[in-house]
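K.L.:
Listed below are the residues making up each chain.
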Amino acid sequence: MNPTRKRRLTIVLLVIAAATVAIGLTVFALQQNMNYLFTPSQVQSGEATTYKTFRLGGMVKAGSIQRGSDSLKVTFTVIDASGAMPVEYTGILPDLFRDNQSVIATGHMDNARFIATEVLAKHDETYMPKELKDAMAKAHEGKKVDGAAMQDKPQ
Amino acid sequence: MTPELGQLALILALLLALAQGVLPLIGAWRGNRALMAVARPAAAGQAVFVALAFGVLSWAFLHFDFSVRYVADNSNLALPWYYRLAAVWGAHEGSLLLWIFILNVWTVALAALSRNLPEVFISRVLGVLGLVAVGFLAFILFTSNPFERLLPMPPDGGDLNPVLQDPGMTFHPPVLYMGYVGFSVAFAFSIAALLGGELEQAWVRWARPWTNVAWGFLSAGIVAGSWWAYAELGWGGWWFWDPVENASFMPWLVGAALIHAQAVTEKRGSLRAWTILLSIFAFSLSLLGTFLVRSGVLTSVHAFASDPRRGLFILCFLAVVVGGSLLLYALRAPKVAGGKPFRVISRETAILIGNLMLTVAAAMVLLGTLFPLIGDALNLGKISVGPPYFGFLFTLLMMPVVLLLPFGPYLRWGSKGETTLLKQVLWRAGLAAVACAIAAAFVTGWQMKAIAGTAAAVWCGVGTLLYVIKRWREMPAGRRYPAEMAGMLLAHFGVGVFLAGVLLTEALSVERDVRMAPGQSQSIGGYDFRFDGVHVTEGPNWHGDQGVVTVSRNGREIAVMHPQKRTYTRGQVQTESAIDPGVTRDLYVALGEPMDRKDPEGAWALRLYHKPFVRWIWAGGLLMMLGGFFSAADRRFRTQRVAATEPVAAAVTQESRA
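Listed in order, the protein sequences are those of chains A and B.
For the first sequence, the numbering used here assigns the number 1 to the initial residue and increments by one for each residue that follows.
For the second sequence, the numbering used here assigns the number 1 to the initial residue and increments by one for each residue that follows.
A hint or two may mislead.
[Stated by the list, open to error] Below, a list of computed lysine-lysine pairs in the DSS-like style, where the Cα atoms sit at most 27 Å apart:
1) B/Lys470 to B/Lys416
2) A/Lys6 to B/Lys423
3) B/Lys470 to A/Lys73
4) A/Lys73 to A/Lys52
5) B/Lys416 to B/Lys449
6) A/Lys61 to A/Lys73
7) B/Lys598 to A/Lys61
8) B/Lys416 to B/Lys340
9) B/Lys598 to A/Lys6
Treat the hints as calculated values from the structure; they're not laboratory data.
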């Protein structure tokens, strides 16, 4: 092997090594930080059991918001057409959080209860996040519940 | 009647843009001077008509012309005049009009200041800009017409989104667009060079100030956006890795790489093909940013109401621009490439490593931003990528950049320069960084982020200052800091300030959400916050509750803060935080909600934050912006009539100076 080839080989090997490290790190970081979105009925049918942290999306059930008397603890129920999930959150809720508002909460399950670390509500009262609309449409499909109007994206 | 004038002006502008985009390119190809001469007048005419359309829309807003749907949707009788003016770019249609308006500002400036460039070349540049303008004008006219009528005319309009009713938001879009659109100049230069099959160093020298200014504006725009998120969204965060923030950050990263690559190409002739590729990427990412924001494919605070037609149009436009320019690049780049060889340890290598890291970082952000779309397309479920992904990889990728940064000015073009000098810097800056890191460790109680932040900031700051001192000692007065170098030093120093701000804020912030009854106190970060209750208050187009929080330290009163909870005319609720600013710390108070809705006089939920050094983040960003502007002001970029004929000689003299 002449010196030029040797140098080229070294460079190529270095590039491959660097690329492998980069891809490995990226995949690792992605895996650690991917959050899936589920609706209450999907969670109850056991689809979310493999994930420790995930996002729960749905509507806030009217009249379900209850505040603690001496702390910032709030409990409410998130529903979709066929499921309901009690959620517990400690902190300040977003400005638009209210009954019948579509929300996305990030957190984990604790027995039958969802412990949220973050709650988001959209900054537009008529607007439902597109991904949430799709997820709810998907959850209802196959179960043939009364949410037919929501199935604007059949799959 | 007037809105139709605006519409007509836009149609005329489109026709002129077509003339500007097609005729000069044909002229340059055929060597027809008459056709090439069309470029400047067509550009000027287009600018006049676009400005007219912009003026008409502003006029409609100022005079409450609710027969225009866009005006009716985004303003009302109670909205103050300055927010009515800001509402011109407060939603989709108007912000596109702003985009094209700014493109025209850049084009006209370019046409006016380019008298000493070869005519063939500048015709191609203006032609490419004309084609970009055609794309955007067609987009506005066919899918998002701001002058659409609303009949019958409503007595009062809707409202500008309350989160946009803030001084920061008034400046954020225009400044950001100045940056986005500014990259179109570098893009047009590159395409023109590819079309012509040659790239002279003198042309790159000519393009450099434009890129620097664009990048400076983009920095300012991002800083304004970050500040707005901090003050207005009421969470006290300054960066969320939100898709739309990422959309502005990717061109910024590539732009930073481009600025440095252009310096190499101009001074040494090397990395030509790379410089061209980066300009294509920078502009493509600006377009992608527009696509991500406007099409509403990603859920974000910025996503306006989505219309699939719009998304499709931008996607096609993007495909044509990116695909077309990359195809051209593949065909022509080998012809353009070339340059002087350089050693392994040289300024070129340092810049190249920095470039590599910045572009990989941009690619990483791109992957994370688009991953939810990819996952959706592959049916992997509804995924979102969390901020730690970006934070972790970005930190990792920027480490080499931060480590190399102080050495940059000491390294020579082509070779490493004096080894003793490099060692000196390593020792002095390194010692300073270690010493300060140890001090920080004791002061903050071994907080890793604070230690790393102090070390990195001191490393960059002291490294840059050492070079400032060296120049001061060795050069005669008046020749110490030419504008280009001053800009570089400012921006590099800004990196240090920024690093200190980010890491110290992350490490030392105390954020607490508490329940407080009137009269109660909370102690955070050595400050006592006393809640003195809430009273009703009113503004021009909102009413709300205003809290009173008195802050004292060691019994001495420091500030009385008034956080608000506003309800706007259409019932939108908006939190208005109160901030007591300082060089070393911000105090931040936001109202949550009353614990009992029927008793707003009683206890409230409050956010109380103590944010040390948070302002350094924006100060660092502004220093980088100044760096971009300063460099662009260098006289060398303007007095080059002689240099243009002798690019090689000019490059050699620069080498000894830099």
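K.L.:
Compare the distance between the alpha carbons of A/Lys61 and A/Lys73 with 27 Å, and conclude whether the hinted pair is satisfied.
P.N.:
holds (17 Å)
K.L.:
Hinted pair, alpha-carbon criterion (27 Å max): B/Lys598, A/Lys6. Please report holds or violated.
P.N.:
violated (80 Å)
K.L.:
Need the status of pair A/Lys73, A/Lys52: alpha-carbon distance at most 27 Å?
P.N.:
Holds. A/Lys73 to A/Lys52 sits at ~22 Å (cutoff 27 Å).
K.L.:
Would the hint linking B/Lys470 and A/Lys73 be met if the CA-CA limit is 27 Å?
P.N.:
Distance of about 59 Å is beyond 27 Å: violated.
K.L.:
Starting from B/Lys416, check that the Cα of B/Lys340 is at most 27 Å away, please.
P.N.:
Roughly 15 Å between the alpha carbons, so the hint for B/Lys416 and B/Lys340 holds.
K.L.:
Decide if the proposed pair is consistent with the structure: B/Lys470 and B/Lys416, CA atoms, cutoff 27 Å inclusive.
P.N.:
holds (18 Å)
K.L.:
Can the restraint linking A/Lys6 and B/Lys423 be considered satisfied, given a maximum Cα separation of 27 Å?
P.N.:
violated (31 Å)
K.L.:
For the pair we were handed, B/Lys598 and A/Lys61, check the Cα-Cα distance against 27 Å.
P.N.:
holds (21 Å)
K.L.:
CA of B/Lys416 to CA of B/Lys449, is that 27 Å or under?
P.N.:
violated (33 Å)
Hint compliance for this structure: hints 2, 3, 5, 9 are not met, and every other hint is.
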